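Asks: Residue numbers (the numbering used here), protein chains in the order written: chain A, 1 to 250; chain B, 1 to 482.
Think of the hints as simulated: they come from the structure by calculation, not from any bench. Every clue listed holds true.
Cβ pair distances, simulated, as ranges: (1) B:His420 with A:Lys190: 45 to 51 Å; (2) B:Glu443 with A:Lys190: 31 to 37 Å; (3) A:Asn63 with B:Gln391: 46 to 52 Å; (4) A:Asp179 with B:Gly201: 58 to 64 Å; (5) B:Ser425 with A:Ser147: 18 to 24 Å; (6) B:Ala422 with A:Glu12: 32 to 38 Å; (7) B:Asp144 with A:Asp134: 46 to 52 Å; (8) B:Glu478 with A:Asn65: 28 to 34 Å; (9) B:Gln83 with A:Met115: 58 to 64 Å; (10) A:Gly19 with B:Met463: 53 to 59 Å; (11) A:Gln119 with B:Asp278: 39 to 45 Å; (12) A:Ser147 with B:Ser415: 35 to 41 Å; (13) A:Arg110 with B:Lys203: 47 to 53 Å; (14) B:Asp430 with A:Arg107: 24 to 30 Å.
In this text, all values refer to a predicted model and were calculated from it rather than measured experimentally. Here a beta-carbon is modelled for each residue, glycine too, at the ideal position from N, C-alpha and C.
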Amino acid sequence: MLKINNLHAQIEDKKILNGINLNIKAGEIHAIMGPNGSGKSTLASVIAGKEDYEITKGEMLFNDNSIDELSAEERAHKGIFMSFQYPIEIPGVTITNFIKTAINETRKARGEKDMPASQMLKLLREKCSMLGIDRKFLSRSINDGFSGGEKKRNEIFQMAMLEPTLAILDETDSGLDIDALKIVASGVNKLKKKDNAIVIITHYQRLLDYIIPDYVHVLFDGKIVKSGKKDLAVELEKKGYDWIKEEINN
Amino acid sequence: MSKYTEDDLKKELETKQYEYGFYTDIESDTLPAGLSEEIVIAISKKKEEPSWMTDWRLDAFKIWKQMKEPNWANVKYKKPDFQKISYYSAPSNKPKYNSLDEVDPELLATFKKLGISVDEQKKLSGVAMDVVIDSVSVATTFKDTLNERGIIFCSINEAIKNHPELVKKYIGSIVPKTDNFYAALNSAVFSDGSFVYIPKGVKCPMELSTYFRINEAGTGQFERTLVVADKGSFVSYLEGCSAPSRDENQLHAAVVELIALDDAEIKYSTVQNWYPGDSKGNGGVYNFVTKRGLCEKNAKISWTQVETGSAVTWKYPSCILKGDNAVGEFYSIAVTNNFQQADTGTKMIHLGNNTKSTIISKGISAGKSQNSYRGLVHISPRANNARNFSQCDSLLIGNKCGAHTFPYIETKNKSAQVEHEATTSKIGEDQIFYCNQRGIETEKAIALIINGFSRDVLNKLPMEFAVEAQKLLEISLEGSVG
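Make a model of the complete structure from these sequences and hints.
Replies: In structure tokens:
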């Protein structure tokens with residue numbers, strides 16, 4: 001589904017990604033871990049199409065087509081979703097209105113008509129009950145005055161509504177207490193299907209206790225230096241990241 | 001009533017023409033450019049006005065001659081040459097364009113984007129209209145329903161002829177001829193406008209609407225509106241504008257006076273979309289308007305405005321809260337793009353006890369435009385327990401525009417409670433990227449953010465106006481992010 005070949009990216013003159021290789025197939029969950037400043041969030045932003053970053057080498061293929069030249073919204077229309085580490089506030093715009101606009105813009109780009117209001121309402125109800133969200137929540141301004149947990153839950157709600165093919169969860173566990181973490185994780189697990197893929201970007205392994213990854217990659221200095229299965233995450237949690245650094249330096 | 005269509009209006013216009021005998025043999029009835037006593041008399045004569053009105057105009061003209069154009073507003077523009085303006089023009093029998101091909105395509109595109117014409121929307125939703133095309137009111141609809149309740153809704157000229165006692169009593173009582181340069185000019189040369197009288201205890205059953213247009217090149221638009229709500233009555237009045245594209249600057253200097261007697265309520269909503277000039281700052285309407293209302297005991301006046309057009313806007317709809325417990329409200333969205341300049345706000349003058357006022361102002365600036373809020377809250381010494389709440393929010397799009405706030409607060413009574421909140425924010429790249437990532441393209445994202453920012457005010461508009469206003473906001477800001 002997503003194939004990244006030797007990807008190099010920089011912001012202004014600062015090189016952040018130095019040759020990423022990654023192959024994600026439908027039905028898989030990948031976790032990308034790494035110390036602060038290793039380039040995890042940059043990788044998420046580059047896949048999502050944030051314009052601040054310049055790709056200097058390599059390519060990203062999504063379902064065998066290059067997405068390097070596509071705008072962020074075009075990538076979204078193809079089914080790429082990113083759950084933000086710091087979700088953005090838009091005062092006065094309700095969650096309902098925002099998600100309605102997002103869905104209809106995506107449909108328009110795919111040559112489909114607006115979703116009929118009744119269907120939209122049904123979908124909203126369905127996803128709310130699936131994620132245990134009170135529908136009153138949907139009339140609030142997006143992320144405006146939300147707690148950390150509410151923000152992250154709103155991200156997962158949007159993911160549920162948009163039904164992406166590839167979802168990148170950028171530090172979804174940061175700022176969550178254990179109860180909120182469980183709620184968010186169970187939401188993600190419910191959204192996992194055979195034909196979609198999830199990339200979890202995280203510093204700690206605790207989220208991976210609830211969402212079990214198929215593969216774990218360690219990012220260091222803008223490169224994937226080690227890949228493995230779930231037990232790699234456990235090892236990282238026990239030993240920290242220093243041993244990886246040593247391994248590389250030797 | 002809801003079946004009234006554009007065709008019906010056209011028919012009505014055709015048959016009504018003959019009621020206005022003065023342009024039977026002249027195709028374009030425009031007075032020569034320039035302003036003098038003779039022109040003022042000629043306007044009055046064309047309107048077949050009684051002598052007291054002619055004298056009133058002449059008095060205003062004398063006052064105007066001694067006044068200077070104000071220059072305290074935060075706007076820069078080339079002062080109009082008042083001797084080059086034609087002060088009167090009636091609609092011509094001849095169509096301005098033979099086919100749509102002759103009309104500025106940019107303008108047509110805007111109409112298309114608006115979906116339906118402003119007229120049609122109102123007709124479909126059963127809004128009564130008093131159509132003002134180039135200064136002469138040519139069609140008034142839904143009169144019967146209004147007549148039954150004793151409501152008077154007609155052109156100001158008809159009112160001068162048919163209801164002189166009301167006009168004499170109230171015209172110039174809220175905005176005197178001496179008030180300011182443009183009010184004096186308007187008083188001397190006003191060509192038409194609307195008059196509304198709601199009798200005691202009557203709730204007007206429909207929204208009253210006037211649709212202004214500037215049609216002929218080089219003619220100024222000097223509208224005069226007078227709304228009187230007698231004791232315990234209620235009226236909601238809508239004013240909407242759009243102007244065809246013009247190369248030379250056009251002057252618009254209207255005066256609106258509202259009178260809400262004891263326990264009465266007036267809701268006055270405006271969507272203003274005068275031609276703002278092109279993206280290089282050429283052309284556009286100068287909009288210098290004086291709007292003011294008086295509230296007697298327990299009365300309420302609510303101004304709601306969405307200002308998207310005009311090259312230069314100078315406008316401060318105000319409330320004089322004279323009676324005890326009077327309430328004044330001002331809800332405003334002012335959008336400026338390209339080279340537009342707006343200096344707008346309100347004055348809340350608290351004279352009575354327990355008077356309350358609310359000001360919500362949302363300024364949106366894009367391009368190289370300048371957007372200023374200017375407001376005064378005045379609490380007089382005898383106004384006990386007066387309260388005001390003001391909120392002025394500014395939103396900037398891009399790096400070349402400006403937002404300015406000039407709040408004046410004068411409190412002369414210790415019991416007053418005055419609150420003022422102000423914020424300035426910028427549409428962030430983060431907000432845009434967040435929307436983009438959800439599949440919402442940048443222009444749509446901006447429209448969404450703007451609508452969210454303006455929601456408090458949009459909610460105050462009558463439904464059909466709110467839809468129109470939202471679309472206008474989108475269109476006005478098109479291409480503002482590049």
